[in-house]
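Undergrad: Starting from the given sequences, assemble the full structure and let the hints guide the process.
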Amino acid sequence: MSYLSLTDRDREEMLAAIGVSSVAELFEQVPEGVRLGRELDLPPALGEAELARHVEELAEKNVHSGRELSFLGAGMYDHYVPSVVDVVLSRGEFLTAYTPYQPEMSQGVLQAIFEYQTVICELTGMDVSNASGYDGCTVAADACFVARHVSDRRKVVLAETLGPQVRQVVKTYAPGFGLEVVEVPHDNGVTDLARIADAAKDAAAVLFQQPNFLGCLEPAPELAEAASEAGALAIAHVDPMSLGVLEAPGEYGCSLAIGEGQAAGNWPSYGGPHYGFLAAKGDFIRRMPGRIVGETVDLDGRRAYVLTLQTREQHIRREKATSNITTNQTLLALAGLATLSWLGPDGLREVGETCLSLAAYARERVPLEPAFDQLSFKEVAFRTPIPAREVVRRARERGVHPGYVLGRDYEGMDDVLLVAVTEKKTVEDVDRLADVLGEVCS
Amino acid sequence: MSYLSLTDRDREEMLAAIGVSSVAELFEQVPEGVRLGRELDLPPALGEAELARHVEELAEKNVHSGRELSFLGAGMYDHYVPSVVDVVLSRGEFLTAYTPYQPEMSQGVLQAIFEYQTVICELTGMDVSNASGYDGCTVAADACFVARHVSDRRKVVLAETLGPQVRQVVKTYAPGFGLEVVEVPHDNGVTDLARIADAAKDAAAVLFQQPNFLGCLEPAPELAEAASEAGALAIAHVDPMSLGVLEAPGEYGCSLAIGEGQAAGNWPSYGGPHYGFLAAKGDFIRRMPGRIVGETVDLDGRRAYVLTLQTREQHIRREKATSNITTNQTLLALAGLATLSWLGPDGLREVGETCLSLAAYARERVPLEPAFDQLSFKEVAFRTPIPAREVVRRARERGVHPGYVLGRDYEGMDDVLLVAVTEKKTVEDVDRLADVLGEVCS
Amino acid sequence: MSAEPGRPWPEAPLLFERSRPGRRAGRPPRPDLPEVELPDSLRRARAPRLPEVSEPELVRHFTALADRTFGVDTGFYPLGSCTMKHNPRLHERLAGLPGFRDLHPAQEDDAAQGALELMWRLQEMLAEVAGLPAVTLQPAAGSQGELTGLMLMRAYFADRGEERDTIVIPDTAHGTNPASVTMAGYRLEKVETDARGNLDLEDLRAKVNERTAGLMLTNPSTLGLFDEGIEEVARIFHDAGALLYYDGANLNAVVGISRPGDMGFDIVHYNLHKTFSQPHGGGGPGGGPVAVRESIEPFLPVPRVVREGDGFRLDHDEPKTIGRVRGFAGPFGVFVRSYAFMRAYGPALKEMSEAAVLNANYLLARLKDVYELPYDRLCTHEFVLSARALKKEHGVTALDVAKRLMDYGFHPPTIYFPLVVPEALMIEPTETEPKERLDVFVDAMRAIAREAEESPDVVHDAPHGRPVRRLDEVRAAKSPVVRYLFEDHPVLVEAE
Amino acid sequence: MSAEPGRPWPEAPLLFERSRPGRRAGRPPRPDLPEVELPDSLRRARAPRLPEVSEPELVRHFTALADRTFGVDTGFYPLGSCTMKHNPRLHERLAGLPGFRDLHPAQEDDAAQGALELMWRLQEMLAEVAGLPAVTLQPAAGSQGELTGLMLMRAYFADRGEERDTIVIPDTAHGTNPASVTMAGYRLEKVETDARGNLDLEDLRAKVNERTAGLMLTNPSTLGLFDEGIEEVARIFHDAGALLYYDGANLNAVVGISRPGDMGFDIVHYNLHKTFSQPHGGGGPGGGPVAVRESIEPFLPVPRVVREGDGFRLDHDEPKTIGRVRGFAGPFGVFVRSYAFMRAYGPALKEMSEAAVLNANYLLARLKDVYELPYDRLCTHEFVLSARALKKEHGVTALDVAKRLMDYGFHPPTIYFPLVVPEALMIEPTETEPKERLDVFVDAMRAIAREAEESPDVVHDAPHGRPVRRLDEVRAAKSPVVRYLFEDHPVLVEAE
Ligand SMILES: Cc1ncc(COP(=O)(O)O)c(C=O)c1O
Ligand SMILES: Cc1ncc(COP(=O)(O)O)c(C=O)c1O
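Residue numbers (this note's numbering), protein chains in the order written: chain A, 11 to 452; chain B, 11 to 452; chain C, 14 to 509; chain D, 14 to 509.
Fair warning: there could be bad hints in the mix.
[Unchecked claim] Pulled from the structure, derived: some chain C residues nowhere near chain D, Cβ distances all over 12 Å:
id, residue
1, Arg59
2, Trp133
3, Arg218
[Claimed, not checked] Taking lysine-lysine and the DSSO-like style, the derived pairs with C-alpha atoms no more than 30 Å apart in a straight line are:
id, chain 1, residue 1, chain 2, residue 2
4, B, Lys330, C, Lys491
5, C, Lys381, C, Lys405
6, B, Lys291, C, Lys491
7, B, Lys330, B, Lys211
8, C, Lys333, B, Lys181
9, D, Lys404, D, Lys491
10, A, Lys71, B, Lys71
11, D, Lys381, D, Lys404
12, A, Lys291, A, Lys330
13, B, Lys291, B, Lys211
14, B, Lys330, C, Lys220
15, B, Lys330, C, Lys203
16, A, Lys291, D, Lys491
17, D, Lys404, D, Lys203
18, C, Lys363, C, Lys381
19, D, Lys381, D, Lys405
20, C, Lys203, C, Lys220
21, A, Lys330, D, Lys203
Treat the hints as calculated values from the structure; they're not laboratory data. All C-beta atoms, glycine included, are put in the ideal place defined by N, C-alpha and C.
TA: The following block contains the structure:
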């Protein structure tokens with residue numbers, strides 16, 4: 011199958027107009043020596059029906075959340091994705107538009123991004139948000155790049171309770187920025203204040219996560235204060251779905267707030283595409299990485315929206331740009347806008363309350379020791395009497411995926427299972443988890 | 011959950027503007043005696059997430075064509091529904107528009123219906139098509155109503171090989187039309203010419219199906235000729251997906267052509283909604299039931315489309331209308347338009363060839379006696395050594411639904427299994443069917 | 014290329030005009046099998062002239078046509094009698110679940126329990142709403158529900174050996190009612206509407222007798238008024254041994270407030286595509302289930318969805334059934350949507366009707382000083398104004414008002430119906446509209462009334478902002494062009 | 014209500030302006046459990062001011078915004094360097110299959126075999142297209158592919174104990190290249206383009222030395238020209254022990270015709286959202302896989318998708334890896350689309366590039382007599398014209414031409430890039446456009462050239478048929494308003 015539109019007749023007329031006798035002639039500019047003298051070695055072409063069947067067969071080989079009762083979280087959550095999202099994703103105009111370089115052609119997507127920026131600022135308590143970053147990991151690297159430019163310090167501090175993948179990405183980027191990375195270990199599931207204060211002394215920034223990767227609520231305000239007092243930027247990595255009940259980073263002294271947007275409006279989709287968000291206080295506006303949409307007027311004085319502050323960007327600033335990002339995650343961010351608007355302030359708060367209650371219920375109901383004696387938002391870490399991997403294996407035989415094995419990322423946590431609940435889970439679901447864990451652990 | 015938009019404040023302001031003190035007052039026009047004094051006894055309200063989960067659980071209880079290899083046909087077929095259909099079905103403007111009474115607001119849907127009418131006319135070899143009927147059964151009744159008005163005869167003849175449900179619907183409607191219904195039995199799977207000729211003598215119309223319900227190709231041209239010679243209208247019930255390879259009814263003397271559109275662009279969906287099509291030769295245009303879109307111009311001479319010949323319709327003609335239909339199946343018909351346009355003449359022919367070949371292959375490969383010694387389009391009836399119901403039961407245990415038990419509708423066919431193939435089936439699928447039937451029948 | 018640069022409506026050529034020989038989109042599977050010989054008499058001689066277009070152009074074509082179509086998703090759509098409410102997108106997801114979408118209707122009952130359970134539960138809920146015990150989901154739309162109801166009357170009386178041949182219908186009735194009466198083989202008897210918009214009881218008593226099979230009534234009526242004499246009306250018919258049929262098109266006004274069964278109706282149809290939110294799809298699909306009293310249940314169409322223990326099945330043999338009115342058990346996809354809709358509200362469905370009636374009365378209150386109100390009462394979910402005065406004083410008709418509304422971004426109301434009101438404007442806001450939308454609609458209606466006085470031409474020439482201006486409908490009907498004719502297609506448009 | 018009756022663009026208030034206290038759409042589940050106490054320091058004090066809107070209004074809002082957005086589905090979108098081709102709707106179905114959409118990325122490998130197999134097969138196909146053996150799918154977009162490539166260079170040389178700090182980039186390079194160089198901590202060295210649009214070999218030889226880590230090149234270049242000296246270019250760098258990086262943004266020109274690996278490139282990124290049809294979504298998502306030679310494979314990011322027997326798994330421990338550049342294994346949904354796209358064409362992918370190049374050369378042939386062509390050669394999949402003459406003679410700039418094209422129903426081409434061409438108009442039709450679309454585009458471009466001469470004002474004032482006219486972009490940047498500020502929101506528009 012092909013998606014081409016040219017008929018043989020079209021081809022002939024076009025070649026004639028060009029004044030060549032064959033398509034091959036058009037490629038004479040390609041030196042003989044570098045031409046591929048053969049057909050591409052690719053599997054045979056498929057018609058749409060055959061292709062659909064083939065890919066459906068691949069999809070069938072996966073065990074998705076409809077096939078087992080899953081408590082996997084650890085950064086990707088199965089919060090409910092409302093059907094209004096389908097309106098955004100299914101409209102060809104949004105789906106098939108490029109970055110809105112020509113505002114008159116793209117007022118709709120520009121306005122939507124402006125609305126998204128506002129929603130992110132409201133959630134995080136910030137003044138400016140970009141139009142999205144790649145994901146919750148790369149926005150952390152972006153944030154470090156900002157810190158690198160507003161400070162002459164050459165070190166960033168990462169709380170060990172910050173998502174492992176987030177830390178890994180920062181470590182991959184840091185050398186290019188000329189930044190050294192220091193990690194501060196946790197103590198009983200949360201970050202040690204004294205050690206943060208100490209590490210922050212000569213650091214450009216301190217990054218921590220709320221709620222943290224171990225499922226615990228950090229003393230976020232104190233962490234931010236410790237960082238600021240040491241002259242480092244406080245940067246919080248937050249879960250958008252928690253911000254109906256948890257305080258906004260902007261309210262406790264953070265300069266930047268970042269996060270993974272997936273939980274708000276995107277399906278897990280085996281890891282992407284999703285969106286990362288990055289918001290900051292007003293003073294950082296001209297150091298922000300990525301697209302930003304601004305409000306202005308047209309010649310007739312009509313309100314209108316446009317990509318703005320482009321002097322930050324690479325097509326103008328080139329090597330002096332605040333980032334190299336061009337393609338971002340707009341469509342996913344708009345799904346986030348639709349979801350958060352559908353929830354509204356009350357709905358978001360209710361989601362948060364439900365998560366808090368279910369997590370507390372799980373902590374009681376599950377017949378295992380909580381690994382940490384801390385407050386939870388929607389995740390609880392439990393100690394398992396046998397290796398957590400084995401618990402997962404046995405539980406899955408019973409149709410339940412009990413959660414994430416923290417030993418995957420943390421030394422000495424092979425017997426720690428991170429259980430995630432969202433508002434989609436019911437009391438009965440948690441009961442079933444508890445019963446299955448009871449069975450397989452005894 | 012509700013889809014209401016009024017806030018308490020809105021309500022107050024509105025009641026004030028109306029000059030009543032409560033919503034209850036608005037209902038005082040409803041006599042005390044007929045008011046429902048209590049709450050409706052309905053299951054509790056569900057939020058979107060809970061509702062989605064509940065309905066998904068219901069859907070999971072069904073064994074659909076993705077869960078077993080199914081050869082069920084008998085009027086509903088799993089031809090491939092191309093993804094362009096999603097464009098039509100997902101656009102809110104098509105989805106949420108009413109019948110296009112105001113042409114300036116609905117040029118898009120009007121033009122699409124005009125295109126649909128053209129496609130149906132091309133397939134059937136007719137001059138006029140309506141904008142769709144309810145389904146392949148009711149259009150048969152509509153056709154009889156047409157015949158009833160253009161002839162003073164009071165009898166319609168139905169070939170017994172015409173779909174059982176089609177015949178049942180005609181029989182339900184006929185008394186109201188003052189029509190008597192006569193059925194002509196089949197002989198070795200096809201309609202007996204002599205008996206049709208005989209029955210047609212004092213009949214207003216003769217209805218037959220090509221390919222017929224038993225999976226056989228009728229001598230359609232001869233049947234039509236026999237009907238016409240007897241002064242009865244020849245009306246063919248045809249499968250749109252067959253009309254790339256099978257002759258168009260308009261070419262062999264039929265006055266009307268009708269059919270079930272599902273095969274062309276609609277999913278089986280447990281029986282609906284789908285669309286029925288009804289097309290006729292030009293002389294019947296002012297007797298056509300249902301909506302018809304016509305071409306005209308606007309005040310500026312721009313080409314435009316509009317519902318036309320409305321004097322046929324009930325809102326003008328009332329009791330003298332050619333039908334009572336108002337709401338029809340437009341959206342499904344447009345899915346048909348998208349599908350047939352996606353296929354084009356070549357694609358439709360190829361679908362037909364594939365069906366013919368696979369049916370012939372099945373006839374060879376399946377280790378059972380064909381019940382009839384006739385040509386097949388995409389369905390073959392086989393005799394089973396044990397009751398066909400039992401064959402179905404056993405085959406389904408092996409993950410294959412082998413087909414439709416003709417004994418459901420036809421006396422003495424409890425041992426006849428109707429196997430359907432479409433272009434979605436592969437040679438390997440047919441091999442698997444053959445092997446399973448071999449196992450379970452021995 | 015836009016023939017008129019700067020004109021926002023792009024050209025929309027017909028698919029057939031976009032067609033090029035040899036161009037194609039879909040490529041069906043071609044197994045490696047020999048082609049089958051067919052006798053020439055059966056083999057197609059000339060290929061159908063389907064469009065030959067590529068997929069990209071196909072997608073653009075339908076996108077462009079959608080852009081020239083106005084739906085509830087586009088804006089306010091107060092089309093009276095059509096209940097154009099919001100259609101939840103969730104329903105499209107649910108109807109598209111493989112377990113429903115890919116389920117063959119001939120699948121064995123034991124492998125379709127989820128579908129059967131959904132239909133059975135929907136029947137139960139509909140029965141509760143109507144106040145009648147037995148429901149068939151089979152009819153495809155309201156009109157077919159009417160016809161089914163009339164066939165049920167016929168079967169009911171035949172079974173009792175009674176000869177009744179007349180159906181009484183009010184002058185406000187929708188056209189489908191008389192049309193259904195004819196198709197069912199009944200005689201028609203018209204009855205008048207009185208000064209308050211109720212059935213004229215005098216006229217009624219005079220027309221109901223032993224030949225009367227029944228009444229067909231929409232209540233609230235197409236005037237948007239609840240018949241205050243409904244109890245007496247029911248008495249008159251039941252005393253004469255006749256039945257009452259309820260046209261459910263206006264059910265949106267009274268769900269949870271008053272039930273047709275309690276009003277005295279014996280047979281009721283629902284319009285799932287109105288009251289219960291099946292999107293209307295530019296003309297359809299719909300759903301027209303019918304509910305009846307015990308005495309009529311034996312005659313309902315087959316198959317019927319019945320419960321047996323914890324299971325459900327399709328029951329095909331009911332000796333007294335009228336038979337079947339469409340294929341299979343009905344438009345299942347429609348049931349999924351309406352089931353979801355009712356489960357979302359639950360017992361609060363009453364709030365739906367309350368909001369619908371509140372919205373309508375609010376509009377009425379804010380418009381009746383500028384547009385004539387033939388029946389000066391509180392309305393239910395819709396109301397009918399008249400442009401008679403505007404026409405007399407400024408030559409501005411209901412049609413003109415409707416067309417001008419388009420320029421303000423609204424779909425026009427239903428016009429010239431019901432027939433008893435001259436220059437009728439039939440306005441139904443539905444429950445899902447927010448007050449702001451109603452307010453701007455009021456502003457527009459009032460502005461148009463002013464324009465009618467100050468600058469009638471701008472109203473006469475409306476619409477100005479749509480892809481086309483007013484059409485030559487006479488020409489369309491006089492020399493109908495109802496299909497594309499390729500090289501023989503008449504050139505209507507000089508411009509092209 | 015449309016402030017200007019008859020104006021086809023309805024008002025589009027911000028969601029926050031549609032908001033009303035207490036109004037809502039979604040109602041999340043609330044289990045019957047006690048609320049949890051939180052310390053005040055953690056508990057949110059002031060609720061975020063998210064919009065409070067009903068679902069019906071939410072749907073209309075996004076529908077209205079979509080109507081004010083132009084996509085490939087709307088029409089011709091010849092945005093140079095962006096490869097705005099048709100995006101098959103099938104891909105949306107496939108990416109939405111529950112087996113993919115609802116699959117958690119931390120799911121055990123044995124329960125994600127279908128996803129892993131799809132990624133592995135995609136890697137294999139991409140490797141064949143690039144002519145390089147090892148592929149990572151992780152990078153989120155082209156820019157991140159660039160950065161990843163540069164990090165690979167750093168790791169590669171570090172591993173060999175070599176000190177190299179400079180990356181050579183041509184003056185035609187896209188802005189992301191220099192930006193990536195900086196972020197990777199490299200120095201930048203610019204090289205000139207010669208009169209034929211190839212790299213200036215003299216200049217190049219002078220600038221490549223033992224400090225040179227590598228070259229970043231787009232080939233065909235952003236001028237749409239294939240570098241005729243590419244073999245010599247490769248020799249120069251390899252002789253100096255440096256590496257060549259291929260910016261794959263223009264790969265659509267040469268798939269199946271010439272492979273970067275065969276050209277001598279050591280590292281390649283692909284833009285799945287350009288060449289391989291991931292819809293661009295108004296800004297993203299994208300996918301930027303990177304392919305490399307054996308010698309660089311050990312440094313690729315983790316996790317890597319590897320085959321083991323008939324199974325597949327994620328390999329996390331590669332001692333020499335640069336680490337991870339984004340979460341999980343990459344934007345999986347994008348992979349599903351690109352995989353399906355490549356499987357549809359199979360070996361015929363070459364025809365895709367042939368058609369893309371044919372379409373571009375046809376447009377070029379029909380336009381070069383009215384617009385200046387700086388490099389008079391056959392082009393590849395795109396070409397760059399200059400409006401310099403128009404500007405000199407009639408004061409009509411590339412920007413004016415772009416804006417006026419909107420009135421003819423087209424999305425404008427890329428303008429003012431590449432920087433080496435004054436008043437640049439960079440036009441890329443892609444392979445999916447039919448000839449008729451190209452012809453009407455040619456007509457429009459020629460018509461605009463005429464208008465520039467005869468009625469330049471209509472061009473200067475363009476667009477006339479869009480929801481807004483030209484914007485005050487200076488004001489937007491001078492006093493930025495980048496979020497809604499509720500009661501403190503500045504009133505920009507007198508009208509409102
Ligand atoms: C009062 C009334 N009755 C009956 C009908 C017919 O219903 P349907 O269109 O579902 O066949 C309508 C539809 O507009 C109506 O308004
Ligand atoms: C030549 C070139 N290089 C790199 C990029 C950046 O790619 P992406 O937008 O995928 O990050 C682009 C995008 O426009 C481009 O045109």
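Undergrad: The structure should be examined with respect to each hint, and the outcome stated for every one.
TA: Outcome of the hint check:
1. Arg59: The assertion about Arg59 (chain C) holds, with a minimum of 26 Å to chain D.
2. Trp133: 26 Å, holds
3. Arg218: 45 Å, holds
4. B:Lys330 with C:Lys491: With Cα atoms ~20 Å apart, Lys330 (chain B) and Lys491 (chain C) stay inside 30 Å; holds.
5. C:Lys381 with C:Lys405: 17 Å, holds
6. B:Lys291 with C:Lys491: 18 Å, holds
7. B:Lys330 with B:Lys211: 28 Å, holds
8. C:Lys333 with B:Lys181: Within the cut-off at roughly 14 Å; holds.
9. D:Lys404 with D:Lys491: 27 Å, holds
10. A:Lys71 with B:Lys71: Answer holds: Lys71 (chain A) to Lys71 (chain B) is near 20 Å, not above 30 Å.
11. D:Lys381 with D:Lys404: Answer holds: Lys381 (chain D) to Lys404 (chain D) is near 16 Å, not above 30 Å.
12. A:Lys291 with A:Lys330: 22 Å, holds
13. B:Lys291 with B:Lys211: 22 Å, holds
14. B:Lys330 with C:Lys220: 21 Å, holds
15. B:Lys330 with C:Lys203: 14 Å, holds
16. A:Lys291 with D:Lys491: 18 Å, holds
17. D:Lys404 with D:Lys203: The hint holds at about 29 Å.
18. C:Lys363 with C:Lys381: 27 Å, holds
19. D:Lys381 with D:Lys405: Status holds; Cα separation ~17 Å.
20. C:Lys203 with C:Lys220: 9 Å, holds
21. A:Lys330 with D:Lys203: 15 Å, holds
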